[in-house]
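Visitor: Residue-level listing of the chains:
Number of protein chains: 2
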Amino acid sequence: MAKRPKLNRRPDTPIEQELGSVEVALTPPERFEEYLQSKGKRNTPQRRYMVTHVFNQHEHFDADTLIDQLPRKNEPNYISRPTVYRTLAELVESGLLRKFELEGRAVYEHDYGYPQHDHLHCEKCGELFEFHNEDIAELCQNIAQKNNFRMQSHRLLISGICSKCNQPRQRRRSRLDRI
Amino acid sequence: MAKRPKLNRRPDTPIEQELGSVEVALTPPERFEEYLQSKGKRNTPQRRYMVTHVFNQHEHFDADTLIDQLPRKNEPNYISRPTVYRTLAELVESGLLRKFELEGRAVYEHDYGYPQHDHLHCEKCGELFEFHNEDIAELCQNIAQKNNFRMQSHRLLISGICSKCNQPRQRRRSRLDRI
DNA sequence: TCTCTTTTTGAGATCCTTTATCAATAGGCC
DNA sequence: GGCCTATTGATAAAGGATCTCAAAAAGAGA
Numbered sequence: 001m002a003k004r005p006k007l008n009r010r011p012d013t014p015i016e017q018e019l020g021s022v023e024v025a026l027t028p029p030e031r032f033e034e035y036l037q038s039k040g041k042r043n044t045p046q047r048r049y050m051v052t053h054v055f056n057q058h059e060h061f062d063a064d065t066l067i068d069q070l071p072r073k074n075e076p077n078y079i080s081r082p083t084v085y086r087t088l089a090e091l092v093e094s095g096l097l098r099k100f101e102l103e104g105r106a107v108y109e110h111d112y113g114y115p116q117h118d119h120l121h122c123e124k125c126g127e128l129f130e131f132h133n134e135d136i137a138e139l140c141q142n143i144a145q146k147n148n149f150r151m152q153s154h155r156l157l158i159s160g161i162c163s164k165c166n167q168p169r170q171r172r173r174s175r176l177d178r179i
Numbered sequence: 001m002a003k004r005p006k007l008n009r010r011p012d013t014p015i016e017q018e019l020g021s022v023e024v025a026l027t028p029p030e031r032f033e034e035y036l037q038s039k040g041k042r043n044t045p046q047r048r049y050m051v052t053h054v055f056n057q058h059e060h061f062d063a064d065t066l067i068d069q070l071p072r073k074n075e076p077n078y079i080s081r082p083t084v085y086r087t088l089a090e091l092v093e094s095g096l097l098r099k100f101e102l103e104g105r106a107v108y109e110h111d112y113g114y115p116q117h118d119h120l121h122c123e124k125c126g127e128l129f130e131f132h133n134e135d136i137a138e139l140c141q142n143i144a145q146k147n148n149f150r151m152q153s154h155r156l157l158i159s160g161i162c163s164k165c166n167q168p169r170q171r172r173r174s175r176l177d178r179i
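Sequence lines, in order, name chains A and B.
Residue numbers are given in the numbering used here: position 130 of the first sequence equals residue 130, and the series is strictly consecutive.
Residue numbers are given in the numbering used here: position 62 of the second sequence equals residue 62, and the series is strictly consecutive.
Derived by calculation from the structure, the hints in this document are not laboratory data.
Be a bit skeptical, because a hint or two may be false.
A pair holds if it fits inside one copy or across any two, identical chains being indistinguishable in the list.
Stated by the list, open to error - Below are the DSSO-like pairs computed for lysine-lysine, each with C-alpha atoms no more than 27 Å apart in a straight line: (1) K99 - K124; (2) K39 - K124; (3) K124 - K146; (4) K164 - K124; (5) K39 - K99.
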């Protein structure tokens, strides 16, 4: 099993192609600023940098992957590890990001302006794939109702082997084979 | 939010009542021994003790809860922390237990001899409730197929507020009220 | 039963992710 | 600009899970 899951989508399958997007009134930085103001929090350079950076790409990511992408210590716009974690929590609380857990690590993805979806997880290559299904939420709602539960959200993870990993590894034909 | 989720089912709702059970040919210890032999592993007292203990109760549990229940150091049948983790991994690998993650911790539950199910999680009291739904697995299978995915398992978690926590806290009537 | 080989165990250290502490810094409102 | 308070970064530490390795023990064969 991979020590650390691949959380980046393949560059040839941008997420917009897969699931489209949802109309929103404000850009993520605007939305975040609104949230901060409503909470009496301050709009710092670190928070501005992070919200912009995070919404400039669509991949799933974990804290470490994100920190790798941010400026390092002694570079301009450096953001310390605690601040990264703190700001991630705020982005989740504000509804901009969603957080879930995979293989013992917290994974984040866009929520604001992004359609509801669930995930397929390849146990071989560790990749996460998104899918959208209309029926799931309704099914969950029914189940919750039957159990006198007030549902707030659901999380469905389908584990298995993706098509790429499932292909039998082709024997590479040598020059001799082709004679 | 609770620092540590309650993983124990309430004593008045034993799991058999909720979901029944599945007929199996071997007892869990027998099944585990079979697995060990097939892997050329040895049947040690520690492994026997753990498989017996774990299947003597039906609750979900995490490693720490389990260790609390096991004999402590300098008592008979003490099992060290690394061995507990090692054996849990073997119980999962053998198909006796299922492992999943909740609030950053690994949680284990019976798999062998126990019907397929998913969970409701109360965000307030942290309790886990099980439910069985016939349609989910089929739905997942369809989704997997559409995505050229070879499904191995799924995991559905419905989060919300349980009926108990959802009840408006009744004002306790004082003696004076009743006059 | 004894011996031998190999697995397993337990003590302790260590890893890894995430969070807490706290003094110094800097927003934002007057 | 000045003040008050939130925020940051350095550092330590919490917490779960795993690694290392010498000692112990299981199982196979004699």
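Visitor: Would you mind marking each hint as holding or not holding in the structure?
Guide: Hints and how they fare:
1. K99 - K124: both (23 Å within a copy, 18 Å between copies)
2. K39 - K124: between (43 Å within a copy, 22 Å between copies)
3. K124 - K146: between (36 Å within a copy, 19 Å between copies)
4. K164 - K124: within (10 Å within a copy, 41 Å between copies)
5. K39 - K99: within (21 Å within a copy, 38 Å between copies)
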